Structure formats: structure tokens, C-alpha cells
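Student: If you want the building blocks of each chain, they are given just below.
2 protein chains.
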Amino acid sequence: MPENRQVVIASLPTGALAESDFELQTVGVPEPGPGQVLCRTLAVSVSAGSRAGLQGSASYAGAPKTGIVMSSLAVARVERSNDPALSPGDVVTCGAGWQDWSVHPAQQCFRVEGSADPARYLGVLGTNGLTAYFGLLEVGEPKPGDTVVVSAAAGSVGHLVGQIARIQGCRVVGVAGSDEKCQRLVAELGFDAAVSHRSPDFRQEFKAACGDGIDVYFDNTGGDVLGAALFRMRNGGRIACCGVVSQYDTSKPAPGPRGVPGLLVNKRLRMQGFLVFDWAQRYGEARAQLESWLDSGELVAWQDEFEGLESAPRALVDLLAGGNVGTRIVRVSPG
Amino acid sequence: MPENRQVVIASLPTGALAESDFELQTVGVPEPGPGQVLCRTLAVSVSAGSRAGLQGSASYAGAPKTGIVMSSLAVARVERSNDPALSPGDVVTCGAGWQDWSVHPAQQCFRVEGSADPARYLGVLGTNGLTAYFGLLEVGEPKPGDTVVVSAAAGSVGHLVGQIARIQGCRVVGVAGSDEKCQRLVAELGFDAAVSHRSPDFRQEFKAACGDGIDVYFDNTGGDVLGAALFRMRNGGRIACCGVVSQYDTSKPAPGPRGVPGLLVNKRLRMQGFLVFDWAQRYGEARAQLESWLDSGELVAWQDEFEGLESAPRALVDLLAGGNVGTRIVRVSPG
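Quick mapping for you: the protein sequence lines, in order, are chains A and B.
Sequential numbering from 1 applies to the first sequence in my numbering.
Sequential numbering from 1001 applies to the second sequence in my numbering.
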């Protein structure tokens, strides 16, 4: 019987996350019980949201603990099944976490169908893509001609948001963390403009890029970029609050932006948080649309990859420092 | 010919507003031009929003200046008319400001009909009542059984919001600035609970009053009360941002509340600013409903009054210190 390598949380970070907050351990492969399946992990996702899950404060994922396997979504292959709904060889998405083997109730595994690379279900066809789709269209409600701004624009959700907005006929401005990312957003993904929040002249450059103001701001970061965007919103604008990556890698989140709630009143702004799970009944419709855009070439999905389970902590620490472009995954097994 | 007394802005306040920031001057009575009417002020409104208009920062009312008449809504009687739409003796609402006489284009005066006391058009049948009505029902979207919280609950808008929520079948919690106000909200207006934000145990008392959490928070204050409410919101809750009275009487507004935008995401909250003018087409419908509730006794309108134009600065300074209960007006002329 093979062994099961696991990346576990060794210590809860109080400041910036470090690779040393994790450790690799090896245990036996678990046995599936009645109605359960045994899964072999093919790839796991690495996302800023995982860091939020390590904060002691309220998160929709619950309170973090040491000594447990780092949680994450994964694509996996069913190796043994005690449920007629799934068969060995089926490829599924499941909450495997950062480990080689895991058992799950069969109904918590979702069969992946028809994609050349199942890892796409960790990116454009998974939570990231669905978040971009529903968050922009249902919460942001962009109209053709609107100016749409997205922060963490080169990130897993952001790069898709900008493109979906462009497909809707909007003018799209991205905010990202380096000049190189900004250049790629414009050259490769058709953003109308992109601004680095690390530029010493960020506020001025941002103002210039936003022209007459922002109709829809898709906020992945909170913090200073949210603060800047609030001052550039047009009357009646919508802010879709998706994530707060600027405040994840710390145990001391900053105060909220000035202008809340004053600017919300004066400009009649709507600021709305959302979680993609609320649209679970409509995932099929969204995936069909996303695949159609991918097939036509209108939508490009960026994916960046690490090899080997042991690289997952490094992949996350680097992502929090802004190292990723698009969806970051770790390939665990060749499948 | 009579004289025209005016309260003008002598200096723009940098800290808390003082009576000395105003001065009384006497000028001639203006002449109405073509299409204009000359109005004799009967009563003017005194509201926290007037203080916001004296801040240099962006307000929907535009930038403030010294040497001009303090702006405010008023009820007034038409004395001379150069427009067939209005006749001498008509009682109207208009933006007279704090002065005895003013001229206006006739189409900027709105005839007041059928109310025993026209000053009600500065309160429950005016901007305050309409703000409570549309802000609560259209932005807050309360459902029967919801817990609705309103801040500045004894204020001109707040005391109406709480009662309209009660009429909708909601459980209503008010936050006000004194124990006496809280007692009156419960005893006289049927609030289920009320908490003083000046209590040293405010956070605990507020938590207890909110029970299982808040579905709708109608925010008149921003600041600490908004901060406390954010942490007590239920998933999917709505925050109607109406005003920021905690930040008006200063030139150094505090940062926004912690938890923006993090809590908005985790709890899927919607936070939406509004200005009542956006529902101008529906004022008639709202006034008819408000009058019906007043007639049946379900809705009680609190009004507090000062006498004489010269008392207006004192009335505003006192209101900003929390001295008012309900709508504050200054009677200028017996009519």
C-alpha cells in the first residue's frame, strides 16, 4: 500500500505567512467507509482565500486549527468506491486538501466531464471562474459602455473578470502589482488600461485610467485600492466585494476605507459582498458560457503551475507576495 | 416695506459648529422677476445634513461659502407672484434658507395641500418622512419578522424608520443618544428595544438587543454604531446608508469601520447609499401612505420647535449635540 503525504498546519501565522508554518508528514492511506470513495489527488489549488482561512477571525470557512491538513480544492481520481454514483477512474473535484489520498462521501465529489485538462476545474471552470462570472454579472451588473475596474487583475479571478467585462462591451481597467502584469493584461487579454498599485504615482495614474469615473468596481483586495476606487466611483456605481487579499496576510487588518459610508450616500453607491456558492444552482449555465468563450478564443485562462505536493507551501507564500499570474495550482500526481 | 432678516454663514467651522459661525444681517426684501414668486418664510427646517453642507469635502449639495444665507428647506406663503401657477396666499415648500423673504422660480416651489400644519412638510410629509419611507422599504427591503436596527433612532428620519419597520411586522431596535430617548422610543413609538450609544456597555447591550442578529440596518450615523452593527449583521443582511451624522460636526472624519469590506464578503452583505430625490416620481404615493398611517394612529410624528429666525443657529448647534427629538423646525412667522 502506498503512503499518504500530507501538508499540515504547524503554526497559525501571526504576521506574514511563512513556509515554516507548514510541515510535511506521512501517514497511512485512509479506508473509505460505506457511501464513501477513496481519491488520489491529481492537483490542488493555491489561492489567497486559503490564507484568510488561517486567520483567527470570522471566516465563512470556520476557525483554523494546527495539526490538520491544509484545506483546498483539488481534482482527484476515484481509486475505490463504496457508492454506486462513482466508479474507479472517475475524475472529480473535491475538498481533498494538500495530501495524496483522501476519503469523501460520494455526494461531496463532483464528476468532471469533457475537459482536456481537469485542472481547469480549479480555475476558469471552477470556483474562480464562477466567482468572476456571477460576481461581475449578478452583483456588478455592468452595462455596455460602462467603465469596469478590477483589482488583483492578474489574479485567478481578476483576469477573468476583466475579460468578461470586455466581452460585455465595457471599458476595462485593471489594477495589478507590477508593470509586467499590467503590460500583459493590456497586450494579451485586451484590457483598455492597467495600473500598478505599487507605482509611486498610483493615485494619479489610476485617476487618469478611470477617465470619467467607475461604474463597476470588482474588489478583490480591499485596502488602499478600494479607498482609491471609492473616490472615483460615478453616481449610482456598484462595488462587488469579492475578497480582501490586501488584509489576508496579517493578523492586524487595517481600518476600513475613508468615505464609508459618506461617499456611499453622496454617490448612491451599492457595495455588496458575495460568495459564489449562492449561485450553485446555476453553475451549469455559467460553465457552458465560459467554455463557449474559451472555445471562441474570446476568453483566455491563465494558469500557473508548481510541481509536487511539497511545493505547495512555497506556492502559497509566493502567491501572497504577488508571484502568481492567473490561477495557481500544484500538480500532485500525473494522474 | 418690511425688512429681510437673514442668517448668513460668517465662517466655515473647522471643528464643532458654533453659534458664532453665523451672523444675522438685515437687507431689503427682494423683487420677484418674471416667472418668479416672492415668499414669506413660515418655518425652516434644522437638520444634521445642514452641517454636512458646511464641510469642504464633496457633498451632493456642492461646496460651501461664507457670506451666503444658510440654506435650508422651508414652508412659506406666496406674497407676490409673477407666474400663473401660484397665487398670493398659496403655501409652498421651497429652498428659502434661513431668512424672512426669498424669491424663487415658481416651478421650484411646491404647493402644500390639505395639512393642518404645513410644517409637517418639513418633517413626516417632507424629505425626512420620504427618506425614511423609501430608504427603508426600497433599500433596506425588510420582510415581516426581520430584525431592523436604526441609528439616530429618535431623530427626524430615525423615529419614522422604526415605526414603518414595526408596521411591516419587523422587530425594531433603535440606537439613540440618551436613556430618555430610548425609553420614549419603546414607550411611545412601540420600538421593541432601544440602546444608548453613550452607555459604557453599549456593545454588550447592543448585542443583547439584536438577538439572533440584524437583517436590516438603517444607518444615519456611520462611525462606531455602524462598526458595531456590521459585526451583528446576519448573512444576506442589508445596510441602508442614509447619513453620517457622527462625522458631520468635524473637519476630520474618522476612517471607515473595520470589517469593510471583509465582513461584507463573509456575510454577503449589501451596503447601499441613497438620496431620496431619486424617488421624486413616487412622492405622492409615499405621502398618501404616510398620511394614512398618521390618520390611523399607527405612525406618530415627533416635531420639536424653536421660535424666531434668530434662534436657528442655536437650534442647529444643539441638534448636533443630540438635543432634538424628532424633526426640528424653527417657526419664523406665524403665517
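Just so you know, these hints were derived from the structure itself, not from any lab.
Any given hint could turn out to be false.
The calculated SDA-like cross-link candidates involving lysine to any residue, where the alpha carbons are at most 20 Å apart (straight line), are [claimed, not checked]: (1) Lys1252/B / Asp224/A; (2) Lys1143/B / Gly227/A; (3) Lys252/A / Lys1207/B; (4) Lys1252/B / Lys252/A; (5) Lys252/A / Phe1231/B; (6) Lys1207/B / Glu1188/B; (7) Lys1207/B / Phe231/A; (8) Lys1252/B / Asn266/A; (9) Lys252/A / Gly1227/B.
To list a few chain B residues with every Cβ distance to chain A over 10 Å, as calculated [to be verified]: (10) Leu1012; (11) Arg1111; (12) Gly1243; (13) Ala1301.
It should be emphasised that the depicted structure is a prediction, and the values quoted were computed from it without experimental measurement.
Ideal Cβ placement from N, Cα and C applies to all residues, glycine included.
Student: Against this structure, judge whether each hint is valid.
Tutor: Now for the hints, and whether the structure bears them out:
1. Lys1252/B / Asp224/A: 19 Å, holds
2. Lys1143/B / Gly227/A: Distance of about 33 Å is beyond 20 Å: violated.
3. Lys252/A / Lys1207/B: Answer violated: Lys252/A to Lys1207/B is near 23 Å, above 20 Å.
4. Lys1252/B / Lys252/A: 24 Å, violated
5. Lys252/A / Phe1231/B: It holds: about 17 Å lies between the C-alpha atoms, which stays within 20 Å.
6. Lys1207/B / Glu1188/B: With a Cα-Cα distance of about 23 Å, the restraint between Lys1207/B and Glu1188/B is violated, given a limit of 20 Å.
7. Lys1207/B / Phe231/A: 33 Å, violated
8. Lys1252/B / Asn266/A: With Cα atoms ~17 Å apart, Lys1252/B and Asn266/A stay inside 20 Å; holds.
9. Lys252/A / Gly1227/B: 16 Å, holds
10. Leu1012: Check passes; 18 Å lies beyond 10 Å.
11. Arg1111: Its Cβ never comes within 10 Å of chain A, the nearest being 28 Å, so this holds.
12. Gly1243: Violated: least Cβ distance 6 Å, not greater than 10 Å.
13. Ala1301: 23 Å, holds
In summary, the numbered hints that this structure violates are 2, 3, 4, 6, 7 and 12.
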